[in-house]
Structure formats: structure tokens, C-alpha cells
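Chains as they are written, first to last, in my numbering: chain A, 1 to 236; chain B, 1001 to 1236.
Keep in mind that the hints were calculated from the coordinates and are not lab data. Please note that the accuracy of each hint is not assured.
Each pair of labels, with its calculated beta carbon distance range [claimed, not checked]:
| hint | chain 1 | residue 1 | chain 2 | residue 2 | range |
| --- | --- | --- | --- | --- | --- |
| 1 | B | Asp1192 | A | Arg226 | 16 to 26 Å |
| 2 | A | Pro150 | B | Lys1162 | 43 to 53 Å |
| 3 | B | Pro1190 | A | Pro92 | 44 to 54 Å |
| 4 | A | Glu210 | B | Lys1162 | 20 to 30 Å |
Think of the CB as a built atom: it goes at the ideal place given N, C-alpha and C, for glycine as much as any other residue.
2 protein chains.
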Amino acid sequence: MPLSGDAGSMTITTPLQPTDRTSLRRSKERAATEREVLHEVLREGMFCHLGVILGDAPLVLPTAYGIDLDRGVDGTLYLHGSVAARSVVAAPEQTICVTVTHADGLVLARSAFHHSVNYRSAVIFGVPRLVTDPDEKLHGLNVIVDHLVPGRSHATRPPNRKELAKTSVLALSLTEASVKTRAGEANDDPEDLALPYWTGVIPLRTVAGEPVTNSDCDLLTPAHIRTRANLLGAPS
Amino acid sequence: MPLSGDAGSMTITTPLQPTDRTSLRRSKERAATEREVLHEVLREGMFCHLGVILGDAPLVLPTAYGIDLDRGVDGTLYLHGSVAARSVVAAPEQTICVTVTHADGLVLARSAFHHSVNYRSAVIFGVPRLVTDPDEKLHGLNVIVDHLVPGRSHATRPPNRKELAKTSVLALSLTEASVKTRAGEANDDPEDLALPYWTGVIPLRTVAGEPVTNSDCDLLTPAHIRTRANLLGAPS
């Protein structure tokens, strides 16, 4: 019953730079090898799940991210966090895993076994670099804010020295990455096609609602906010 | 700029059973300690991100899950995967981390630093049990299918012996778990309130579209599918 959320079928299959961790595995037909697909998955995603090792256990936390495809040979993903966060302190000394997932639909087959999920998923491994250059640090933070809401970094008060001192920025190369997707309808075994069970897909997507202005703000919703909400399918 | 997706502010803060990994950290005010909140986050979630250690690196993969709150002292979370999946093979021999995240809104403050995310996140640690009892294995698989679409396990062909042999089911106790949430509007520093920047929240949610019947299926969309789609806010 490989639901595609399934750890089995989600195992990394398509190295953009082959390594042991991203060596070719099962479900080749689902593999998308183009780096462009990786970039699309990262551009469309809003949050990632960051995996680090703390002590003898993995720790997986959701976090915001941003990407700068022109930084570094293969592009750079930026993460940030409190300088006091255990995950942020541990990250620059170890290989981390950053995973971005889009769940596009529930795939309901006639057999429980062939139930699946339409999805797009990117996995990036690497030892992140703690950004110490002041200009790149600010750049990384702007990239993260603008990733969530394009243009936002120009419509806020930039972080001051005190705020920057409280924040760590990590840079992760997109070199060791893989992407995997599943799309389309359910695929049952031929002998199951006559079974009297409905089969199909329930599409899923993340949408935005109408922007809600703060109670202490009397400004009209600006274009960059409305544009972002509309891009995410807000009712207009 | 602790976006709440931020690894810093998302660091586990609210142990339901205190351990070193889930010891109280920052952002106490965001912590939700009730186990009921954990259950709500797990009930509403459709997918989790599973963290395992492979070699010297963490591996984070999205996967489907299901929960049975009546199984075990604190309830049980079920995962499954191909018996060949490295993550599934490795999991029963180590502590794993399962994280379920709901992103509820983008919080846009006047200062970049106070940008945040409204979210609900659950983190569960434990050494999973490889389910070998045939009845519990089938139960676990049904729990996972019914978690995605309630009632679906009764509207499909159950897995046969061959399919069951290809699938591993893992049971993880909900004992060592934590949950953290952020809700409400943006909170700026008093000295920033007069800044001429719009501040507020862009709400986010996952919605379903109209169910799409397979091209090889001529059955009408059944109630359990329509109910699930409507529950997720499908246009009707």
C-alpha cells in the first residue's frame, strides 16, 4: 500500500549529484531529474522541514527558507533561526537534511495497496555554512522574507544590529539534492479493475484567505500583499 | 526575525512527557501543553515528516500516517513503507522523530524581525515498534488509509498476503511528544507601531478540489469521498 506519502516510495530516487545518500532507488518512473524541477518545487514551497541530529536522535522542525539560485555553483538555500536554537547551533557542524513537500492530491485506488499521494518533494543534504558576512546575512534574511511574500523586504523595517545579533543565518548549497514527484490518476492492477470501488483523485492545494489587517494598523492592504494572496488563490 | 517557521522559534517547547529532547525552551507563551491539542494537530494533519538517521546524516521524508488513540497507554501513531525502504528498515532500531505541521498564516509585521508564521506543530520522538502481528498490521494500514479518507478502508480491496509481505508497518507511541502553536496578529515593538508599513496576516489553509474520477471508473463519487472533500473545503 505505497501511499506516496509512504516512507518507502518517498525514498530519495533522483540524485542531481549522485551520492550514496541520493543514489538511485525504487520508483524510477516517478523520478524527475531536471534541476529545474527542483527549483520549481523550492520556489513554490513556503516552508521546509529541517532535519538535524541532536545527541543520538534526529530532530525534524518546520522552518521558513529562501533560495538564491545565483549564489554559489548550484544555488543556495538560506535558513535562519535564533542563535539560541539547538538546531541552529548544531547545524553548521553536521550534515543536515532539508525537505520541501507539496501534497497535490489523495490518490484513491480500488486496492488499499495502490492508494497513493500526488506530490512533489525535494530533499537537500549538506553541511550548512554559518553566514558571518554582514551583507550576506542581511541578504539571506531578505531572501527568506521575500520568499514568503515577494517584495516584503522593502516594505518593512530592516533588522537592526541587536536583532541581527540574535539571529543566525545558515547557507546550504543546492548541490546534493534530489526531487521526486507523483502525478496523475490511480493505477490499479488489471485484475482489480472490475472491483466495484470508486477510484480517483481528491486534489489538494494550499490557498490564502483574504489578508487580515492588524487591529493596530489603519493602512490599506498594499499591492505586494494582495498579489501574494491572489497568487495563492485568495478570494478576491 | 523569528519567522515562526524559524528553526529557533519552532524548537520544541512543550513536553507532554518531559525529556531532555522535549525540555522547556523559549517561547513559553506559544506553548500548548494539553495533550488534546496534540491529538487535534494529529487528527487534522494528513502527512508527517519522518526523521531517521542514516549513516551520519539525518534523512527527512514526507509520509502518510494514522493514529489510534486507544492503542497503548498514550495512543499510537502508525507509519508504513516498503520493506525495502532504507528509512523503514532503519527506523525500528533507532529513535525517530515524527513532525506534523499546519501552516495557518503568514504574519507580516512592521519589522522584518517580527515577521512570523501562524502554525500548529507536533513533534513525536520514540523507537518505533515493527508491527509483526498480522491483525495489528492490517489494523495499522487501515488506520492510515482511514486517516486520509475516513471510511476508505471499507471501500477498497484489502491488502493480500503478497502485498502485506511487501509492506512494513511501524507503531510509535505518542508518549514522548510536544506541541507548539502560534496564532493571532503581528506583534511589533512599541517603537515600530508608527512605521508606515502595512501589518497583518495572510491566512493559509489546505483545501480539496472536486474529486476527479479515474478515466477507467464509471462509478459515481461515493459519500465518503465527497464528505472528505467537503470537509477540506471543496467547492460543491
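Now the hints, each set against the structure:
| no. | hint | result |
| --- | --- | --- |
| 1 | B:Asp1192 to A:Arg226: 16 to 26 Å | 22 Å, holds |
| 2 | A:Pro150 to B:Lys1162: 43 to 53 Å | 50 Å, holds |
| 3 | B:Pro1190 to A:Pro92: 44 to 54 Å | 34 Å, violated |
| 4 | A:Glu210 to B:Lys1162: 20 to 30 Å | 51 Å, violated |
Of the numbered hints stated above, those contradicted by the structure are hints 3 and 4, listed in ascending order.
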